[in-house]
Structures are given as C-alpha cells and as structure tokens.
Amino acid sequence: MSFTHDTEVALISAAALINTGKEDPDQLRTPADLDTFLTEQRFSGSRTHTRAELDAVRALRAELEILWFAQEDDAVGRVNGILRRADALPQLVRHDDWDWHLHATGPEAPLEARMATEAAMALIDVIRSHELDRLRSCAADDCDGVVLDLSRNRSKRFCDTGNCANRMHVKAYRARKAESASL
7 MSFTHDTEVA
17 LISAAALINT
27 GKEDPDQLRT
37 PADLDTFLTE
47 QRFSGSRTHT
57 RAELDAVRAL
67 RAELEILWFA
77 QEDDAVGRVN
87 GILRRADALP
97 QLVRHDDWDW
107 HLHATGPEAP
117 LEARMATEAA
127 MALIDVIRSH
137 ELDRLRSCAA
147 DDCDGVVLDL
157 SRNRSKRFCD
167 TGNCANRMHV
177 KAYRARKAES
187 ASL
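Sequential numbering from 7 applies to the sequence shown in the working numbering.
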C-alpha cells in the first residue's frame with residue numbers, strides 16, 4: 007500500500023510524537039524540546055512557545071496513542087471528533103518547499119489542533135484503505151513504542167526510537183550462539 011506523500015509524513019510524525027513519551031527520559035519535557043521536535047518534523051505555522059502549548063501537545067500524544075490501537079469503528083469516531091473540535095475545513099495549500107497538499111486548519115490555529123488535524127487527515131486514508139493493521143506496537147520485548155509499517159510486504163516489526171531492531175537481532179544471535187555452544 008502506498009499513501010500520498012503528505013499522508014506518510016503525517017503518519018510518521020504522529021508515530022514520532024507518540025514515541026517521544028516512550029523514551030526515558032520523556033523527549034518532550036520543555037518547550038525547547040517541543041521546538042526541536044517540531045523542527046525535526048518540519049511543522050509550520052504559529053506557535054506560542056508556552057508550557058500550556060507543550061502540555062496540549064503532550065495530551066494529544068496520549069490521544070493519538072489510543073487512536074493508534076483503536077478498532078475501525080472507534081477510530082472513525084475519534085478521527086471525526088478531532089476534526090470537529092478543530093473546525094476542520096480541508097484545503098489544498100503549497101508552502102515552503104512542499105507542493106500541493108492538504109491542510110484542514112489554518113497556520114494560525116493552535117499547534118495541537120494543527121497536529122491533531124494532520125494526524126486525523128492521514129488516518130482517514132488509513133481507515134478508508136482498511137490498513138489499520140499497519141499501525142502496531144514495537145515487537146521488542148523491552149519497548150512499548152509504536153510502529154508505522156509502510157513496507158510493501160508488511161514486515162516492519164520494530165519502532166524507530168532507539169535501536170530496537172538491532173538490539174533484538176543481536177539478542178537472537180547471541181541466543182543462537184549460546185544454544186549451539188551448549189550442544
């Protein structure tokens with residue numbers, strides 16, 4: 007399954023936002039941490055740079071995590087709720103080095119509303135394509151991060167926070183070596 011570029015970017019960003027709370031320490035502790043995250047994710051639009059804005063984004067992170075694992079009917083209700091709260095009005099826009107893509111809020115809307123709406127708009131494509139199974143948990147036994155599987159063969163098992171895939175492959179290799187050494 008191939009999603010449009012802006013859908014993939016929004017889904018990747020939503021997963022990254024959720025996973026900021028999975029690391030120790032939490033990756034969104036200060037407004038400066040949020041600035042760094044937004045720069046990395048290339049979010050545009052107005053900002054207040056306040057603790058209240060940070061708290062709202064952290065609350066959104068929890069809401070998106072619930073949505074990440076929701077069944078289809080529940081996901082639809084949650085997505086529609088986000089869009090209603092934001093008074094979403096989808097529009098084609100072009101800015102910075104991005105070609106035409108969808109925004110459903112203006113650049114002056116509160117940051118958490120813009121972030122929530124972008125995630126919701128991307129999840130609309132996931133739901134309509136019946137691809138919710140591409141949203142899952144990290145398969146590492148010591149991680150509770152989320153995974154967005156955009157691979158063609160649906161094989162992505164580990165999150166992008168840290169080194170889960172490498173760590174689990176090394177663990178499996180060492181277990182195989184120990185087993186063969188004991189024979």
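Treat the hints as calculated values from the structure; they're not laboratory data. Careful, some of the hints might be misleading.
[Unchecked claim] If you anchor each label on the Cβ, the simulated ranges turn out as follows: (1) Arg91 <-> Glu185: 49 to 57 Å; (2) Gly87 <-> Pro31: 24 to 32 Å; (3) Glu69 <-> Asp155: 30 to 38 Å; (4) Glu114 <-> Arg48: 38 to 46 Å; (5) Leu156 <-> Leu98: 40 to 48 Å; (6) Trp104 <-> Ala184: 45 to 53 Å; (7) Leu95 <-> Arg48: 20 to 28 Å.
[Unchecked claim] 30 Å max Cα-Cα, derived DSBU-like pairs, lysine-lysine: (8) Lys28 <-> Lys177; (9) Lys177 <-> Lys162; (10) Lys28 <-> Lys162; (11) Lys183 <-> Lys162.
Beta carbons are placed, not taken as given, at the ideal position from N, Cα and C, and that holds for glycine.
Evaluated hints:
For the hinted restraint 49 to 57 Å between Arg91 and Glu185, the CB-CB distance of approximately 54 Å keeps it satisfied. The given range of 24 to 32 Å is respected by Gly87 and Pro31, whose C-beta atoms sit roughly 31 Å from each other. In this structure, Glu69 and Asp155 break the distance hint of 30 to 38 Å, their C-beta atoms being roughly 21 Å apart. Checking the proposed 38 to 46 Å range against Glu114 and Arg48 shows it is violated: the Cβ atoms sit about 18 Å from each other.
As the Cβ distance of Leu156 to Leu98 is approximately 23 Å, the hint placing it in 40 to 48 Å is violated. Range check, Trp104 to Ala184: Cβ separation about 50 Å, and the 45 to 53 Å hint holds. Against the hinted window of 20 to 28 Å, the Cβ-Cβ separation of Leu95 and Arg48 comes to about 22 Å, which satisfies the hint. For the hint pairing Lys28 with Lys177, the CA-to-CA distance comes to about 21 Å; that is within 30 Å, so the pair holds.
Restraint check: the Cα-Cα separation between Lys177 and Lys162 comes to about 18 Å, which is no more than 30 Å; the hinted pair holds. Only pairs whose Cα atoms come within 30 Å are accepted, and Lys28 paired with Lys162 is accepted, the gap being roughly 18 Å. Under the criterion of a C-alpha separation no larger than 30 Å, the hint pairing Lys183 with Lys162 is consistent with the structure, at around 25 Å.
Of the numbered hints listed earlier, those contradicted by the structure are 3, 4, 5.
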